[in-house]
Each structure stands twice: as structure tokens, then as C-alpha cells.
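Colleague: Protein chains in written order, with my numbering: chain A, 28 to 550; chain B, 28 to 550.
I should point out that these hints are in silico values taken from the structure, not numbers from a laboratory.
Treat the hints with caution; some may be incorrect.
Identical copies look the same in the list; a pair holds intra-copy or inter-copy alike.
To be verified - Simulated pairs of lysine to any residue, SDA-like, Cα-Cα distance not exceeding 20 Å:
| hint | residue 1 | residue 2 |
| --- | --- | --- |
| 1 | Lys413 | Val523 |
| 2 | Lys502 | Glu188 |
| 3 | Lys413 | Ser337 |
| 4 | Lys413 | Gln542 |
| 5 | Lys413 | Ser309 |
| 6 | Lys502 | Pro141 |
| 7 | Lys413 | Gln338 |
| 8 | Lys413 | Asp311 |
| 9 | Lys502 | Pro513 |
| 10 | Lys502 | Gly112 |
| 11 | Lys413 | His282 |
| 12 | Lys413 | Thr332 |
| 13 | Lys413 | Asp541 |
| 14 | Lys413 | Asp459 |
| 15 | Lys413 | Asp121 |
| 16 | Lys413 | Val389 |
| 17 | Lys413 | Tyr524 |
There are 2 protein chains.
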Amino acid sequence: MRGANPTIGGILSTDEYQLTMAQLYYRAGLHERPARFEHFFRSNPDYGEHQAGYCVAAGLHPFVEWLGATRPRPSDVDALRSHRGRGGRRLFDDAFCDWFRDVDPMALRVEAVPEGRVVHPNTPMTVVEGPLAIAQLVETPLLNRLNFPTLIATKASRVVEASQGRPVLEFGLRRAATGDGADAAARAAIVGGAVSTSNAAVGYRLGFTPAGTHAHSMVQLFLALGGGELAAFEAYADCYPDDCLLLVDTVDTLHSGVPNAIRVFEGLRRRGHEPVGVRLDSGDLAYLAVQTARMLDDAAFPDTTIVLSSQLDEITIWQILSQLAVEARRIGMDADHVVRRLVFGVGSRLATSDGDSSLDGVYKLVAVEDEGRWLPAIKVSDTPAKVLNPGVKRLWRIYDERGHSAADVLSTDDEVLVPGTELSLHHHAQNDTSRVVNPRDWSRIEQLPVVVVEDGDVVYPGGLEALADIDAARKRRLADVDALDPGVRRLVNPHVYHVSITTRLLDTKIALVDQILRSRPTQ
Amino acid sequence: MRGANPTIGGILSTDEYQLTMAQLYYRAGLHERPARFEHFFRSNPDYGEHQAGYCVAAGLHPFVEWLGATRPRPSDVDALRSHRGRGGRRLFDDAFCDWFRDVDPMALRVEAVPEGRVVHPNTPMTVVEGPLAIAQLVETPLLNRLNFPTLIATKASRVVEASQGRPVLEFGLRRAATGDGADAAARAAIVGGAVSTSNAAVGYRLGFTPAGTHAHSMVQLFLALGGGELAAFEAYADCYPDDCLLLVDTVDTLHSGVPNAIRVFEGLRRRGHEPVGVRLDSGDLAYLAVQTARMLDDAAFPDTTIVLSSQLDEITIWQILSQLAVEARRIGMDADHVVRRLVFGVGSRLATSDGDSSLDGVYKLVAVEDEGRWLPAIKVSDTPAKVLNPGVKRLWRIYDERGHSAADVLSTDDEVLVPGTELSLHHHAQNDTSRVVNPRDWSRIEQLPVVVVEDGDVVYPGGLEALADIDAARKRRLADVDALDPGVRRLVNPHVYHVSITTRLLDTKIALVDQILRSRPTQ
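Bound conformation, chain A alone:
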């Protein structure tokens, strides 16, 4: 849908209502009014029988790249001019189209939590401040570029946690969302802890050597031509003597694939090359992995890798590792000896966040400037959890003496939280739930998010290049996950991480809700 397409991939990759609202603001003279929006998600992914206890932020670099590269094109303006309303007249008039033509998304100030950092529900991941109409227009591109990658980085982090330190490869391109969707998933999986991807374009682009050897089709081909599986493996070993990893389940894993692989590996060794390993892509992976390891051991290949793939996710990997311990014990093998040679290839279920396929991230107006001061904005709702925490706020993360993150705290803009003092905190949504944090229970504090774009420039330390640094993002994830309570990291029924608001913010919120509810018309 790209190619000759004049509207795709640009400023119009937004929801139509952002455009109609922008024109309304323009006509009302409100389009340049400074406004502040917050991007946050309401709940961690819930995959049904298992649930995330935290999320991993991802997508910021691609979003900031998009901000910097996107300006209305003549074809975009033409599309708006062509839009007819129900009365047959143009929906967007010339004055608005002229304004729209000059929209520059870099006029916005953006604060964000850097990629790889652990983030929690109901706390601002991204804060956008700037001319109302422009801030409104970028809502959808921002959400489209941050929600999905954060969802996938989160899933990847769980898969990596389940894998007990063994490498995870992202294999999802064939069934992931088309084009950028799959590319964004591959990148987010790496942010979330995967060591590489099978997606060649993304791997080469990001500097992570793409992973891949051969598929069943190669073995089928040699079978059809009469050469058999052994001929296929020999051809592969000839072609890639130092990178020989063979898929052993096209015919019969234990009775054909592994014996044939061993024969080929012996030939390689005679010629001075060490084989890399085998891949198992079907059947009872725990059982097959143990049996394969034993056969490879017996043939004097105790260090070859065993890649497992086929419908894996965090739960199947956890299950495989549990079963594998039993299977190994049964035949008198050390399970660790099998586990330490495993690599997990994780595809569709990672690249689509199987079980919960969307993050409920929203972008809400929290304040608008009026005569030099910020007026707080709110959305009231019958659902208490959906009532916004209004106004210009700060987000803090507090740590205890062991370096564990104890809570995320939202305060008003004029509050400074001082470590080692008593903190009175309230549940972010339930007004009647509160607690006191003792001075001795928190010793360090940091402020999230950080300024990324300001005055038309990327002001993040190190600039766009630093934002693009995926290794740095991966390190941030490691450190942040390490700082979480083990209960929060649990794959099933995790502890709920504390997200709190200060008393001052609670008071602001209560006053604002009262004021708005009083303003309802009486019937």
C-alpha cells in the first residue's frame, strides 16, 4: 500500500477525528493554545491464564524519527481538500488547509520514559506539550508507534525471563502484522531481551546478525530429488561448514534427523570444522531435546546447540524446562547439561503478543494553558479507574535500601519528594485507599520521564543516536527488571506493583470532579 501512495505513511496516518478536531480548534482560535497530553496504559497485558506484572517501554526512537521526518505533503493537503461532508460541501476549508500545510510536529515538547525501562499502568510513559491542534494530530501516530512495541517488548521480556538465561530469537515475521508491523515487533523483541531476529532486513539494519539456517523445504527438496535427508544435510554442511545448524524433524527426529546430523557433524569435524547444532521444530520438545542431547553426547558432540521452536511462548518454555528436568532425571542425565545448550526460537506468539494482542494505551488531555497558567483537564467516568489524574504532574519512582523499586508516585508539579521522609500515598484510582511509606522504607528517588524533544530539537543526551542505541535499551531493561520485586516478575498472578498519588494530587482531583459534576444540566 506504499509505493505510489500519496497519503500512506505520513501526517495523515492518524484518526480522522484528529483532523476534524484540529480544524475546530483552528476556527475557534484555540489551535495554538498550549496543551498537555499524557500517554499511559491502564492495565498490564492479561493473557488469560497468565498476566504481566510490568511492561517494558519501546518504540520511542521510531516515534521521534517519525516526528522529525513527517511534514504534510501536497498529496496530504489534496486529500483533505477532496473530503466532502454529508451536505456535499468540502469538510476542510482553505484556511485550515493552509494552516495544515505548515504543520511541524517538532513544534511539540516531548517527555518520555526511555526504551527498555520498566513502566507501570496509569503512569505517564510519554508527555506531549505544545500547540493544541498539533498535539491532537499526533495522538494517533504516537499511540500507534508506542503501544504496540511496548506490548511486544513486554512479551519478549517475559519469554526471556522464562528462558532462564538461554538466548531467545524472534522468529515471527511470517505471521506477524504486515510490513512495519512485523519490523516493529522484531525491534521491540530485541529491546525486550531477544538476542536477535530472523527478520533479515531488521537484523542488518539494527546491527544484530539475523538468525536462520534452513527450513523443511530444503530437506523436502532433496527427498523429492531422491537424495534424502542426509544429502540435504551434507549440502548444507558443504555450504556452511562453520555455521552448520540442521533442522532435524522433516522425516523423523530421533530415527532419521539426529542420526543423519551426527554423520554430517562427524564429517565436518574430520575436515576441521566444529558443527553448531540442530533445531527441533515439532513434537514433544522437552523429551526430544533430552534424547537429542544424549545422542549428541554419545557421538562426542556435547557442546552443540539445540534450538527449539514451534508455537513457543513464556508458558510453553516454562513447561518445556520443567518437563525437561524430569525427562533428564529419568535417563540419568544432568538437566543443566541439556538446558545450557538450548536456544529458543519464538515466533507468532511473541510477534503478536498472543493472549492479549493490544496494549490499552491512551493519550489524554491533562491541562491547557490559560493566561499563563495551566488549567487542569479531567475526564469523569462512571468507572473510577477511568477518571483521569488531572493537571501538570510529576512521576517519581522510589527505591528501597536494597535498590528495589518500591512504588511509582504521581505528584502535582510543585511537589518535591525527599527520600527519607514520611510519604502519604493514595491509590491512583480508589480515593479511599491510602497508606504511609515510612522514612526508612525508601532511600532513593528518580524522576520519570525525561525531556526528549524541545524547541524543535532532540535534546535527549546524545541526541537521536542515543535514542537509537538498542544495546543501551536492553541494559536498561535488565537493570529495571532486576530492581523489581520477584513477585512482580512472576509469570502467573504477579504481585500488583504500587502506583500511587500524593495527597495534594488527590485533593486537586476531587475538587475538579466535584466542579464538573455540579456543572451537569439539571433535567
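Following the hints, position chain B against chain A.
Modeller: Quick look at chain B alone, frame taken from chain A:
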């Protein structure tokens, strides 16, 4: 990730193993050997408590566009040259890189089921024939461009079925996969029966006027500035007098939103404009829709639209319509009078196929040419359902006298099925399950798929333009869904549609499996 990116979005948007296999074929002199691959999915989406009984093909036009537009760029070749294997040497040698530089995906012959058509598991949606190495390279781009859209068109078709003829709008951009992923979802939703999308770029591009009015933020803004919800609605009505559709749940739907909307609608009518309607985005939508309809009726606006949105899918819509009938009866209203004014805005759950987020489409080698004849290829598996139906085949759809599709039948290439004869059919995967179709039980037959690309050209009747015709695809879906047994269309526990193979194909398969299993090494 696009922009300055030299590898993204081109020929390298494939799995790395396609490249390593292509080089192996090149070195073995097999790269130009004619080969035949089939793309099919193994099972309909299973959303957990509900399941699809059929799929709707989508993505063909974007895939064919990609085939025609994609050639290796110098940067792609450079990426291959830069790839170092474990031994530190280049993985792809100069000879292969020189061959790769001239790869033309249009050298392939492509047969496909046109978009919008109903498709069933284990039948070829797409058949690719051509030089082995090129056919192998396009596996991943093909799957990435067809699996996901088919998944989404299928979900859309179910949502449309649940909506009892009321319009469905695709609203998923904010939480769908990034970029092309969301765009492909919007397009596929329209193929599957949605009437339009909120995705402005896609709507303008495809000629479906994008849908959208305003969000909560607009009302919040006026509230923050002191004007209140009424002022927001008035501003909207002033700006869009003939397109006035108001979101009424920012403060309180029944006590603020609807009364304020009615006041504004009355003003519009006095000025000679008819309002369009309201949107409800939270709360008990069935109850609120009935109450809103009554209030609008009482205010003499019986024809205004009521758009419902908020976490909708086929099951929630079904549930809303069921509850709505009860709610309407309770207050003495005709439920049809409420239903006929409804429009459904369906977002994340449609654009990500919530409940089953990937289609298990695969691309399998079924035959390779040797000395002028096709040798059948097969993949044996411990799972009977995963054993390929081998060889060059034909796919037929047979219809009964009422025009209902009775079964899809796979035959060998040299069989011609004649309507009104007795057909002996076998289950596509379970060799011991067979049945006989009486001559009187089928009266019409058609062959699927059709040739789309051949000899470097798009040979589909009407060319690329006809492939791009979404209205035609939507009509095909309507006709095909109409031809399904109502039991197959059921949203929960649908009947299983018959997918069968002929006796001759079964015999070929049995012989081939025997031959391969005999070839296993003896230990």
C-alpha cells in the same frame, strides 16, 4: 524504521534462512530448478470461547504490488556482503551476491484465490511456481502479506455478521501494529465487510471516506476553559452543521451528554441542518443506547444515528443486540427502531484479531521439476494433520442445487471432476475417513485459485487495477458467505466445512509417505 533505512521494506524483508537456502541452491546448481509451493493455513482462527468456521482471503493486491515493485537494491546486496559467519568469513560469497543482485520476483508464476473469497483450512490459497531460489526467497514476504490480512478480514466478516446488517467502522489504528501493520488491518477490515475506517491515510487512499468526529479531549478542553460540554458541542455544530455527530459520555451520558446534544441538535434544526447523531463510548452500551434512543425520539430526532464503540468485537456486539432487545421491551420500545439507527465502531479487537492473533498460514514445497516432470514433495510428521498433500494439485469447490458450497476438494493435476457424477472423497488428513457424494448432491463446480502473475505480467483479468478493486472483493465476500451453510457461519462452535481429497490424491500421498519412511537410516 524506514526513512534512511537501506534494508527495510525491500527484498530482505524475509527470514534469514531463505537467504542461506537460496545460496545453497545456487551453489548446488538447483536455484533455477522449477519448484512449486503452496500457501495454506491449517486451521480457522480459534478465539477461545468462539471460533471461525471459515476465513476471508485478503492481502493479494498488496502482495502482487510488492512483487512488482521489489528488486534488490545496492544496499541490500551490501548487507549480504557484510554478513560474517561464526568463523569470521563472509557468509554470502560474491558469486551468490551477483546472482542475488538480479533477482526478479516477477519471474514467478502465481495462482491465488481473489481477495474477499471465502477460504478453508488445508486448501491452497496461493500457489507459487518458478525458479526454486526465488520462490524460496518470497516465502516470508508472501506469508507476511497474506496471513495477517486474511486473519483480519475474517475477524471483520464475523463482526459484520454479528452486527445484523448495521454498518461497522474500523477504529483500531491507535493500538494496532505499527505503520503498515495498522494500514493492512484497516484495508483488510474493509475487504471483510467494514464500511470504512478511522485511518485517514488509508481511507483517502482507498476511496472510502474516513470516519471520525471528535474525541473526549475536545470536551475536556472546553470544560477546562470553563465553557462546559455544551460549549464544546456548540462549537462542533458550528464547525460541522451537516456532519454533527457528538460524543456524549465525557461527563455523564444520560444526564449531561444526551441532553446537551439535543439542545445543540434543536439549534441546528432551527438553522436548517439535520444532525447526524451521537456516539456512546463507555458504560452499559445496550442500556444506554435504548435510553438515548428514547430521549432522541422524545425530542423529535427519531432518525439520528447512535454510534457504539469501546472494546467491541463480534461477541460483545451480539451480546449488546441481545440485551438491547430486552431493554427495549422493558420500556415498551420497538427494539428494531433502536437497532436500525446503530453503527458499530470496532477497534483494537478487530485490528489485532483479539483472541487469536495469528493465522497459521504456511508455505510448503509440494513439487519440484526433474527432467520435464514434476516430482511430488512431502513433509512427513508425527502429527497426521501436518503431513502435506503432495504434488501438483487442483482445488475445486462444489456446490449443491441451492447454490450452497458443499465442499472443497483437492485432486491430482490430471483429474477433472464432473458435476452430477458420484464422488468418492477422503478426509484431507485422516486417511481412514471417507464418504461418497451422490450425483444429485452437487450440481456445480468451480476451480480455485486463478492465475494472477505469469511470464512477468499481472494476467489476472483487468490487471493490477482489478486486483485493487476493493468493492469487487467486498461483493465476493458477500456472495461466498451467503453460499455457506448457516452452521458454518455460526459464531460459536461452527460446523466444520468439508475439505476433502480424491482417491487418486490419497493413493499418491500414501505411496510417498511409505517411500520416505523406508528411507530412514536404520540404527
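Colleague: I'd like to know which numbered hints this structure contradicts. Please list them from smallest to largest.
Modeller: The structure breaks hints 10, 12 and 15; every other hint is satisfied.
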